[in-house]
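If you read the sequences in order, they're chains A and F.
Here numbering that gives the first Met the number 0 is used: the first residue of the first sequence is 0, the next is one more, and so on.
Here numbering that gives the first Met the number 0 is used: the first residue of the second sequence is 0, the next is one more, and so on.
Think of the hints as simulated: they come from the structure by calculation, not from any bench.
Check before you lean on any hint, since a few could be wrong.
What the hints assert, rightly or not - Partial chain F-side listing against chain A, Cβ under 7 Å, derived:
hint	residue
1	Asn1
2	Arg40
3	Glu42
4	Lys48
Yeah, the Cβ is synthetic: ideal placement off N, Cα and C, and Gly gets one too.
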Amino acid sequence: MIAALANPHRFMAFSRWAAPGLGVVAAGLIGWGLALGAVAPPDYQQGETVRIMFIHVPAAWVAMLAYGCLGGASFFSLVFRHTLADAAAKAAAPLGAAFTLLALVTGSLWGRPMWGTWWVWDARLTSVLVLFLLFVGYMALRASIEDEAKAGRAGAILALIGLINLPIIKFSVEWWNTLHQGESIFRAGGPTLAAVYLIPLAIVGAGYSAAFGALWMTRIRAEVWRRRAVSLAMRAAFQ
Amino acid sequence: MNLLVQFAGEYGAFIWPAYGVSALAFAWMIADTLLRARRWRREAERLEKAAA
């Protein structure tokens with residue numbers, strides 16, 4: 000599938016329908032999940048603030064997914080010099096930054112009533128802030144280098160180094176004592192979350208992932224068109 | 000009104016901003032992505048026509 004879509008023409012033909020289709024699926028899943036979450040009973044300890052979980056946790060999942068996509072695309076771009084992979088890496092960064100910022104802001108709004116503070120420098124929060132800085136740093140680095148090929152290579156190296164942060168985020172609540180709660184969903188013994196919360200959370204999580212997929216594909220399409228436009232403009236200038 | 004109060008309870012000052020910020024972020028991501036795609040598609044098509 001990935002090999003087939005590595006061809007820009009095939010990707011453009013596929014994404015023309017896949018991106019809006021995925022967008023519709025995302026809207027349906029997010030609406031459905033949030034509606035289920037809205038009628039879920041308040042948590043016995045956290046009260047109604049548990050509803051922030053339905054938007055905070057999926058944003059954090061997709062932030063990590065976006066960085067995984069950025070890292071994967073950067074690998075293919077750096078090793079195989081694939082232009083579509085470079086476009087995919089460039090397209091993932093602003094979306095990843097937005098989802099990471101969303102996770103940080105909604106987490107802060109959840110933390111204030113539950114922990115009594117907007118922010119603490121614990122391992123989970125700090126490693127997610129580092130993730131945000133990696134996205135911003137990647138975009139700033141690319142923007143600072145005029146030669147697009149060099150910018151792509153420098154960005155790819157930074158993105159690959161930054162991949163080390165993903166397991167740190169995942170295991171930060173196990174490796175260090177954190178104010179942030181421990182893993183309650185993707186854990187060896189199965190989720191500890193009640194089904195009444197887990198089901199809406201999983202649905203919204205799938206919806207956020209689909210939304211990222213739709214937006215990512217559309218941004219890759221925009222980047223392909225931009226490169227085509229730049230190439231045509233340069234050709235016209237030299238004629 | 001009753002449903003809105005049931006949704007957020009005494010924590011409305013935290014829950015509503017969290018949902019509001021999420022809605023704004025999605026609105027920005029969708030608008031920026033679609034506008035960017037439209038702009039560059041039109042620009043590429045214009046240059047292709049000019050080159051033909």
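Evaluated hints:
1. Asn1: violated (13 Å)
2. Arg40: Holds: closest Cβ of chain A sits about 5 Å from Arg40/F, inside 7 Å.
3. Glu42: Hint holds; Glu42/F Cβ to chain A Cβ min 4 Å, cut 7 Å.
4. Lys48: violated (10 Å)
Comparing the model with each numbered hint stated earlier shows that hints 1, 4 do not hold.
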